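Residue numbers (the numbering used here), protein chains in the order written: chain A, 28 to 249; chain B, 5 to 223.
It should be emphasised that the hints constitute simulated quantities derived from the structure, not laboratory data.
For clarity, every value in this text was computed on a predicted model and none was experimentally measured.
The beta-carbon is built from N, C-alpha and C at its ideal position, and this holds for glycine as well.
Accuracy of the hints is not assured; some may be wrong.
What the hints assert, rightly or not - A short, non-exhaustive set of chain A residues, derived as facing chain B with CB atoms under 7 Å:
{"no.": "1", "residue": "Arg38"}
{"no.": "2", "residue": "Asp39"}
{"no.": "3", "residue": "Leu42"}
{"no.": "4", "residue": "Arg45"}
{"no.": "5", "residue": "Asp49"}
{"no.": "6", "residue": "Gly106"}
{"no.": "7", "residue": "Ser107"}
{"no.": "8", "residue": "Gln110"}
{"no.": "9", "residue": "Leu113"}
{"no.": "10", "residue": "Val114"}
{"no.": "11", "residue": "Leu132"}
{"no.": "12", "residue": "Asp149"}
Claimed, not checked - A few chain A residues facing chain B, derived, Cβ under 8 Å:
{"no.": "13", "residue": "Val34"}
{"no.": "14", "residue": "Gln73"}
{"no.": "15", "residue": "Arg76"}
{"no.": "16", "residue": "Asp105"}
{"no.": "17", "residue": "Glu109"}
{"no.": "18", "residue": "Pro115"}
{"no.": "19", "residue": "Ile119"}
For reference, the chains in residue letters:
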Amino acid sequence: MSGTFAVLVARDLRLAARRRVDVVLPIAFFTVAVSLFPLGVGPEPQILRQIAPGVVWVAALLAAMLSVTQLYAADHADGSLEQMLLVPGARISIALAKAVSHWFLTGLPLIVAAPVFGLLFDMTPAAIASLVAGLVLGTPVLSLLGGLGAALTLGLRSGAVLLILIIVPLCIPAIIFGAGAVAAVESGLSARGHYSLLGALLIFTAVLAPMATGAALRIATE
Amino acid sequence: MAGDPAANANPPGDSVLSVRDLECRRGDRVLFAPISFDVAAGQIVWIRGANGQGKTTLLRTLAGLSAPAAGKLAWAGAPENVPRPLYLAHANALKEDLTVSESLRFLLHLADHRVDGGDVDAALERFGMASRRDAFVRTLSQGQRRRVALARLAAQRELLPWLLDEPFDALDAAGVELLAGVIAGHARRGGAVVLTSHLPLPIDEPAPAIVQLREPALA
Numbered sequence: 028m029s030g031t032f033a034v035l036v037a038r039d040l041r042l043a044a045r046r047r048v049d050v051v052l053p054i055a056f057f058t059v060a061v062s063l064f065p066l067g068v069g070p071e072p073q074i075l076r077q078i079a080p081g082v083v084w085v086a087a088l089l090a091a092m093l094s095v096t097q098l099y100a101a102d103h104a105d106g107s108l109e110q111m112l113l114v115p116g117a118r119i120s121i122a123l124a125k126a127v128s129h130w131f132l133t134g135l136p137l138i139v140a141a142p143v144f145g146l147l148f149d150m151t152p153a154a155i156a157s158l159v160a161g162l163v164l165g166t167p168v169l170s171l172l173g174g175l176g177a178a179l180t181l182g183l184r185s186g187a188v189l190l191i192l193i194i195v196p197l198c199i200p201a202i203i204f205g206a207g208a209v210a211a212v213e214s215g216l217s218a219r220g221h222y223s224l225l226g227a228l229l230i231f232t233a234v235l236a237p238m239a240t241g242a243a244l245r246i247a248t249e
Numbered sequence: 005m006a007g008d009p010a011a012n013a014n015p016p017g018d019s020v021l022s023v024r025d026l027e028c029r030r031g032d033r034v035l036f037a038p039i040s041f042d043v044a045a046g047q048i049v050w051i052r053g054a055n056g057q058g059k060t061t062l063l064r065t066l067a068g069l070s071a072p073a074a075g076k077l078a079w080a081g082a083p084e085n086v087p088r089p090l091y092l093a094h095a096n097a098l099k100e101d102l103t104v105s106e107s108l109r110f111l112l113h114l115a116d117h118r119v120d121g122g123d124v125d126a127a128l129e130r131f132g133m134a135s136r137r138d139a140f141v142r143t144l145s146q147g148q149r150r151r152v153a154l155a156r157l158a159a160q161r162e163l164l165p166w167l168l169d170e171p172f173d174a175l176d177a178a179g180v181e182l183l184a185g186v187i188a189g190h191a192r193r194g195g196a197v198v199l200t201s202h203l204p205l206p207i208d209e210p211a212p213a214i215v216q217l218r219e220p221a222l223a
């Protein structure tokens, strides 16, 4: 079972390396979305500092949703998904492997880019650190839930919009506690409670989402 | 029942698969009249039927991808040691952006982690694709892609039952002959084969048993 997981992650990362444009798109979208806010809201540093964590989190969520819609589509179309599902007991491995590769290609670049945007919004170093810590715990949740949405909407027309409608509400807790951690640090409080809740959310999602995703894949290919 | 008597005749080897009164549905529609047949070790079973009659659905059901609407199917052996059939679908399951050998290696690794580079090369050689092993799949013709997908058959270490959906599609005359040889060889070694084909099977020995899918009786 762990063998299947490793084979799938290695293949997905190799495929991504061959299609670099697809990898750059989510991070480019993230950059554009975040950069729009200072232009729209106005350049007052006080306001920007206040909205920064929320803006970065919402942009991260949208970037993750944008890139997750095609997570299973290509494998479904060319028959690879069927071959993966034929491996006994592999459904959860498939779901986990897909979420992990999505996180490597979307979540990780966003975490790396987040400090730069923190500086753009004039955040303090402590606030930037808590933003990054929150993203480290929260972006895997987005990838896991996004994978579930992709499996549920596999093979549907207008599946992308449906996916966003189904999954975005489930991501709200991650946004609240992720952005809340930064707000807590900025007002001089401890963000430990927020991190604990994000961690609990991650564990909860990591246990349940792959099972649900596996069941959804099974239904989608029947 | 509608199963062909030839398929129900005394099997030459141990029974690998037994199908009893199996029905498949696509949506609300029953695809074919209930069928019963056995597949024995070393036997080639040729599923025949009109377009849309449910040949692919039947193979998918045998592979375990879909649940039967009615009836039973049982692979021989204890439940935990059921032989996992090798299912080659109509789609080739190759990735455009991987090379030929990467694609094949991935598919082999999914099923069996002991596969090494030598197995992959030998299998490609057998299907005449060794010279294109580092070419990207997107540069191949339909027939070449089919050959790469079929090369999985030549790389099998275990004598798994094969489920082949229109394996002769897109192949040239030499490819058809080659594949017929591989399938007949598998059967002679004692492997079971269930396949669909809308062309006459170019396999004489062992003679394929025919299972004909028929229209379901009107309700």
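Quick rundown of the hints versus the structure:
1. Here the hint on arginine 38 of chain A is kept, as its CB sits about 5 Å from the closest CB of chain B, short of 7 Å.
2. With a least beta-carbon distance of about 10 Å to chain B, the hint placing aspartate 39 of chain A at the interface is violated under the 7 Å criterion.
3. At its closest, the beta carbon of leucine 42 of chain A sits 5 Å from a beta carbon of chain B; the interface hint therefore holds under the 7 Å criterion.
4. Proximity of arginine 45 of chain A to chain B holds as hinted, the smallest CB-CB distance being about 4 Å (cut-off 7 Å).
5. This hint is violated: aspartate 49 of chain A has a C-beta 10 Å from the nearest C-beta of chain B, more than the 7 Å allowed.
6. The beta carbon of glycine 106 of chain A is positioned within 7 Å of a beta carbon in chain B (closest approach about 3 Å), and the interface hint is therefore held.
7. Checking serine 107 of chain A against chain B: minimum C-beta separation of about 5 Å stays under 7 Å; hint holds.
8. Checking glutamine 110 of chain A against chain B by beta carbon gives a least distance of about 5 Å; that is within 7 Å, so the hint holds.
9. Checking leucine 113 of chain A against chain B: minimum C-beta separation of about 6 Å stays under 7 Å; hint holds.
10. Hint status for valine 114 of chain A: holds, given a least beta-carbon distance of 5 Å to chain B, under 7 Å.
11. Taken as an interface hint, leucine 132 of chain A does not check out: its beta carbon lies about 14 Å from the nearest beta carbon of chain B, beyond 7 Å.
12. Because the beta carbon of aspartate 149 of chain A sits about 42 Å from the nearest beta carbon in chain B, more than 7 Å, this interface hint is broken.
13. Among the interface hints, the one on valine 34 of chain A holds; its C-beta lies about 5 Å from the nearest C-beta in chain B, closer than the 8 Å criterion.
14. Interface restraint check for glutamine 73 of chain A: the shortest CB-CB distance to chain B comes to about 48 Å, outside 8 Å, so the restraint is violated.
15. Here the hint on arginine 76 of chain A is broken, as its CB sits about 43 Å from the closest CB of chain B, past 8 Å.
16. Residue-level restraint check for aspartate 105 of chain A holds (minimum Cβ-Cβ distance to chain B is 6 Å; threshold 8 Å).
17. For glutamate 109 of chain A, the interface hint holds, the least distance from its beta-carbon to any beta-carbon of chain B being 6 Å, beneath 8 Å.
18. Using the Cβ-Cβ criterion of 8 Å, the hint placing proline 115 of chain A at the interface with chain B is satisfied: the shortest such distance is roughly 6 Å.
19. Residue-level restraint check for isoleucine 119 of chain A is violated (minimum Cβ-Cβ distance to chain B is 15 Å; threshold 8 Å).
Checked against the numbered hints listed earlier, the structure breaks hints 2, 5, 11, 12, 14, 15, 19; every other hint is satisfied.
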